[in-house]
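These protein sequence lines map, in sequence, to chains A and B. Quick note: the first sequence, position 273, residue 273 per the working numbering, numbers continuous. Quick note: the second sequence, position 14, residue 1014 per the working numbering, numbers continuous.
These aren't lab readings, by the way, just hints derived from the structure by calculation. One or more hints might be untrue.
[Stated by the list, open to error] Some chain A residues judged to face chain B by a derived CB distance under 7 Å, without partners named: (1) THR151; (2) PRO170; (3) GLY239; (4) ALA255; (5) PHE259.
[What the hints assert, rightly or not] These stretches of chain B come out as covered by chain A in the derived footprint (C-beta under 8 Å, 3 or more residues): (6) 1185-1195; (7) 1237-1243; (8) 1260-1271; (9) 1285-1299; (10) 1376-1385.
Note that CB positions come from ideal geometry on N, CA and C, so glycine has one too.
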Amino acid sequence: MKTTSHVGYFFIVPALVYVLFFGVYPLIYNFILSLKEVTLITYMSGTSPWVGLANYWQTIKDVVFQRTFTNTLLFTSLSLAFQFLIGFFLAILFNRSFPLKGLLQSLIMIPWVLPIIVSGSFFRWFFSDRGMVNGFLLAWDFIDKPIPWITSQKLPIFAVTLANIWLGIPFNFVLLYTGLRAIPIELFESADIDGANWWQRIAFITFPVLRPVIITTLTLGCIFTVKVFDLVWIITQGGPGDVSHLLSTLSYSWAFNKFHFGRASSVLVIMLSLVVSLTVLLNSIRSEGE
Amino acid sequence: MKRFILTFLVLSLGVAVSIGTVAVAQEKVTITVQDYFDPAGGMAKFIDEMAVEFERNHPEVKINHVYIPFAQLLPTILQQSLTRTVPELTMADNPWVPQLIKAGTYKDITDQVKEWGWENWEDFFKGHRELTSANDRIYAFQITTNNLALFYRKGLLEKAGIANPPETWQELKEQSQKIKEALDIYGFAFCATASEEGTWQFEPFLWSNGGSLLELDQPEAIEALQFLTEMVVAGYTPRDIVNVSGQGDVTQWFMNAEVAMMVNGNWEFGWHLTEDVMQQLGDVAVATLPVPQKGMRPVVPFGGECFGISGNIDPAKFDLAWEFLKILGSSDTMLRANIKHGGLPTRASAAGKILAEKPILKPFLDQAQYALPRPLVGGIDKYPDISSTVWVAVQKALTEMATPEEALKNAASAIREIFSAEEYEMYKNMARELLAEARGK
Chain A
1 MKTTSHVGYF FIVPALVYVL FFGVYPLIYN FILSLKEVTL ITYMSGTSPW VGLANYWQTI
61 KDVVFQRTFT NTLLFTSLSL AFQFLIGFFL AILFNRSFPL KGLLQSLIMI PWVLPIIVSG
121 SFFRWFFSDR GMVNGFLLAW DFIDKPIPWI TSQKLPIFAV TLANIWLGIP FNFVLLYTGL
181 RAIPIELFES ADIDGANWWQ RIAFITFPVL RPVIITTLTL GCIFTVKVFD LVWIITQGGP
241 GDVSHLLSTL SYSWAFNKFH FGRASSVLVI MLSLVVSLTV LLNSIRSEGE
Chain B
1001 MKRFILTFLV LSLGVAVSIG TVAVAQEKVT ITVQDYFDPA GGMAKFIDEM AVEFERNHPE
1061 VKINHVYIPF AQLLPTILQQ SLTRTVPELT MADNPWVPQL IKAGTYKDIT DQVKEWGWEN
1121 WEDFFKGHRE LTSANDRIYA FQITTNNLAL FYRKGLLEKA GIANPPETWQ ELKEQSQKIK
1181 EALDIYGFAF CATASEEGTW QFEPFLWSNG GSLLELDQPE AIEALQFLTE MVVAGYTPRD
1241 IVNVSGQGDV TQWFMNAEVA MMVNGNWEFG WHLTEDVMQQ LGDVAVATLP VPQKGMRPVV
1301 PFGGECFGIS GNIDPAKFDL AWEFLKILGS SDTMLRANIK HGGLPTRASA AGKILAEKPI
1361 LKPFLDQAQY ALPRPLVGGI DKYPDISSTV WVAVQKALTE MATPEEALKN AASAIREIFS
1421 AEEYEMYKNM ARELLAEARG K
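The shape of chain B in the complex, shown without the other chains (with noise of 0.2 Å):
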């Protein structure tokens, strides 16, 4: 018996050994790229083609492109956080990256970004900036960003006698009824599922109408749930939109001409509405979402993924991950990865060049110019908490388990109490300026 325990710790050490001399053996430096960009997908297809020309350009370098489902990115993140294994580019979606900063995933790189040149910086749409940013200090480049716009089918509008798509909530409403009178269909559908999606669907009408996710008891918030509200209670929305997996099921019904319009993002571009689909549907078109009153603007969130380097990373690996991060975030490679990828490019100069390729995200672009950080208008580090809160609020107004105002007036204090009092002050007033200034009043 003892010769087996010998023979058998004999045999592991030979096998540590061995494993022991192919690192040694191993000598490349790997920088790891993490995201949860789906692998068949454009931008994670162009990442890949990025990391085969920088290898190429620094032959002793071996990129490893790693990628991590949607749910599992921040779980994956926290465990790495804990054991300082976070690896040396992380991607964030960008309501997380405010946690992220202040928890010390991300390394500074002011200096770096100093170095490349501040027009560079600059050059970052200022939504983007404030949100990768904090006291002064860089930790990060939003890559690719999003929002939300109407999305019709013009033959259906045209079979209910409309001939421009609504620009108005009031418009929105006799168009979503005509369309049920003349088609038996409903006009109009957005997301309300139990999760982030239906709070950042609620958010552009509550934004739009100068409501704040801190201030969910005042009219204005309490008005732009009513207005959703009678759109399912008078049938025009169908109350299934509370239980949809997602947004891209809002689409399938879309496609199926069960509604004639609705909300969804310009990512929809490079997932079902690609362009054969597009083809074959022949009528789909894009306008800005329509605000309370004409003149006003559309107040939306923005979407998309920034990337940072690790705060853990070792130092002799610095060099090169900003290196990789610098090409990132350049606006030549930021155009060229938003066109694959079907999203709009952060930097000014890339933004005004994506339309000449593809002219039917003009809605999105311009929209984007005044589109909201979602953390620094909702609390930042405790946006996920309040976003929560509020999903919770609409989907009750909707499905009519509690009036707009009770549901909302219950959030509000829900969310007060989040905060001690100073903070609470303090992130109401910056959500008031922002929002003020985003809707150029």
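This is chain A alone, in the form it adopts within the complex (with noise of 0.2 Å):
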């Protein structure tokens, strides 16, 4: 029987490699490039000379990368806290049945099933100067001249991050009204024996249960809005200027618009290292609890 378990590492080859390949090695190569001075040209001729933390040091001095930075940490903790307070309520509500209830849940995953190139090409003209929330709000009177949602300094990054909140929704609902269903109804019943009100029921019962769902949302929330990429680049490209970049758009342009590979990676491992540590912060509130 020794030999069987022998066979059992052949199984896992090709998983290991496809991690080793498509994994670890993207990720050690970028780490090197971001220690290197890498340009078009050095790139190709494979000629960059290693300059060490000289990029670290470059980007984070850089004012438009502490902007975007800030921009970054904006767009993540209003996006989060958002998209989860409204996924919450919206599970909650859910819970209970009501006519239509069916119809209503597929249209809340809406933003869930639309490309984001559709979705984002639709919110960069919602936002435009001409387009629909101005023309709405001209023809209502409240205003008498457009708002420059995506046309001025200090909106844009409100503007697409009310995007991303829409987006991120049915994300937050869907996972928490799994983990609601899951609740037992004894509970509750149990509770109003009690004489518990609704917020009671809220803060003893459904939060301290549903906890675990909770802090699993959050960090997969966390993780996919400090990514995020496309619904940027679709609505402002990180302009007007560069005021509504972040991280990730940022080293995109630094790297395919300015050629600079080894800053823009070194961009890419402050992303990394920002993801992880607001991992491991939220995993670390998940084992205390337990």
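Two chains, two separate frames, one set of hints: put the complex together.
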């Protein structure tokens, strides 16, 4: 029987090769790039010089990067908070029965079903100077000239955050709703007998029981949100100027517009560290509870 | 279990052997032609037809025409260069060419061109020759070009009481005002997206006014951006131009009569403004771009694509690849290709003939004579870096985040940091010379 256990290793080879090539190798390669000065020419000829941490230093003191970092934190925290809250209340709402529930439930899933290129293009038009939002506001005389949602300095990052919140609601809703359905109804019934009101039932039953689900939802949401690229790229391309970049779009722009592959990689390494530290933080909260 | 592994190994060996046999059985020489021309478009179809004819004349050859989408082409060439698998004939957008030459992607074809006849090379317009050569060696041919001119809707201008399209910036502004007052639409639009398209549409204004990409803090440059910013702030140009997905979006506004005049390129005749659309609209006309003062020349950047032979080509295939490239670069082929493509030929002999077929191209051809290759007036291989700095500055000024002066001064100092002091001087002077020549001063 001993031989069989060795054969076992043979079967994990494909998966191992896959992970090494498509997971570990790119990560290491990206890290190596971030320590070199890589331009189009040195990249092709393979003569990029090592520069140590110079890329990181230059990146960190760059004002555009600093703003982008703040943007990413703002984008992630606002997105997570609102996606979660709205998803949570929708889950509670849908946990009871009412007419047309099935239909409405599928409507909530729409943002998730649409390809991002469609929803992104829609939002670009939605927020543009002559777009739908301004159209309505002007028609109803709330404003007398268009609000520059995506054509000014301060607003674009909020506009794209709004779009991302809308996109993330179904994900939060589905996970939390599934979690809610798993709570035994007896818990609520005995709470009712003890005279608990709605708020007390949420605070003392739903939240504690849902805790693992909530933390998983937030962790996954955090990972998905920090790495958002397509939505912002379609709506603003990081502009106008460079005011609405996220770490992902900034990295892409440095790599493929400026051909500063080394500095672009350093941004990605920083982004990765951000995701990992946020995930570790959330996980530590989870294990504390257990 | 062992038997299972044995069977698996034997089977995989069998598969490997049979694949090998198939490869040996196929004796044809394959020449791969790689480009981003839309497979449904005129140029791609033309190259396909050319390939069929080439295969008929060379029965031992198989031409493999590969399409890579625009955004993927440069990353693809990068990967291919690393693995030394750049296809025999590789196309690139013209601003990338100096960099690709420097990186060794293209093979030196000077001797072949000499054998073919030097007059063929001299027939190419100067800018295209300079772009595709380095240190007096030739590496590629530009086979099609384009530039920017002023498209206008005659009907809309007439309704606003305007007889002729604007020739100067001042007229452009006055006419836009009239159009806004009479018709309540935008007079003028251009494209200012966060991409090379944004920089490329700013360049005609910058260069016609004598500004340089390498001296953006000078008054000539600031005036140019000031003018465009005033157009947006006054409401003659929609502020949404910073958020369009590309120049094609502006054409949509133009077709919907939301704007009366726009800056756009001749490729539009092969894309949105096809013959049936032109007939339907009925009043589309083109003029050379307005200039700062009467009597000045509009100085525009040129676009278009170049083909060259791969630097890592199998020497046995070189002659065939050159044969194909030579046909692509010949005057007659170029003329036919560009008629189908909606582009402009890059050779004087072909350019002269295309007007008979497409008279509407006249303003573009007039400007093509003095059109500038972007990299040569923008730091050669650092052009992409400079360009992205410029479009950021343009967007900041147009959305009033910064004044044109602040935006361009920041851009200028960022651009200076890209170069060493000597490099900067060299490229700055090079740009100055080319600009002065193009402006006829």
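Here is what the structure says about each hint:
1. Checking THR151 of chain A against chain B by beta carbon gives a least distance of about 5 Å; that is within 7 Å, so the hint holds.
2. Taken as an interface hint, PRO170 of chain A does not check out: its beta carbon lies about 26 Å from the nearest beta carbon of chain B, beyond 7 Å.
3. Satisfaction of the interface hint for GLY239 of chain A is found here, the shortest Cβ-Cβ separation to chain B being roughly 4 Å, below the 7 Å cut-off.
4. Checking ALA255 of chain A against chain B: minimum C-beta separation of about 9 Å lies over 7 Å; hint violated.
5. Satisfaction of the interface hint for PHE259 of chain A is found here, the shortest Cβ-Cβ separation to chain B being roughly 6 Å, below the 7 Å cut-off.
6. Residues of the stretch 1185-1195 of chain B lying with their CB closer than 8 Å to a CB of chain A number 3, which satisfies the three-residue condition for coverage.
7. For the stretch 1237-1243 of chain B, the proposed coverage by chain A is satisfied: 5 residues have a C-beta within less than 8 Å of a C-beta in that chain, meeting the threshold of three.
8. A stretch counts as covered by a chain when three or more of its residues have a beta carbon under 8 Å from one of that chain; for the stretch 1260-1271 of chain B and chain A the count is 0, and the coverage is violated.
9. Residue count for the stretch 1285-1299 of chain B with a Cβ under 8 Å from a Cβ of chain A: 0. That is fewer than the three needed, and the coverage hint is violated.
10. Coverage of the stretch 1376-1385 of chain B by chain A holds [criterion: at least 3 residues with CB-CB distance below 8 Å; count 3].
Hint compliance for this structure: hints 2, 4, 8 and 9 are not met, and every other hint is.
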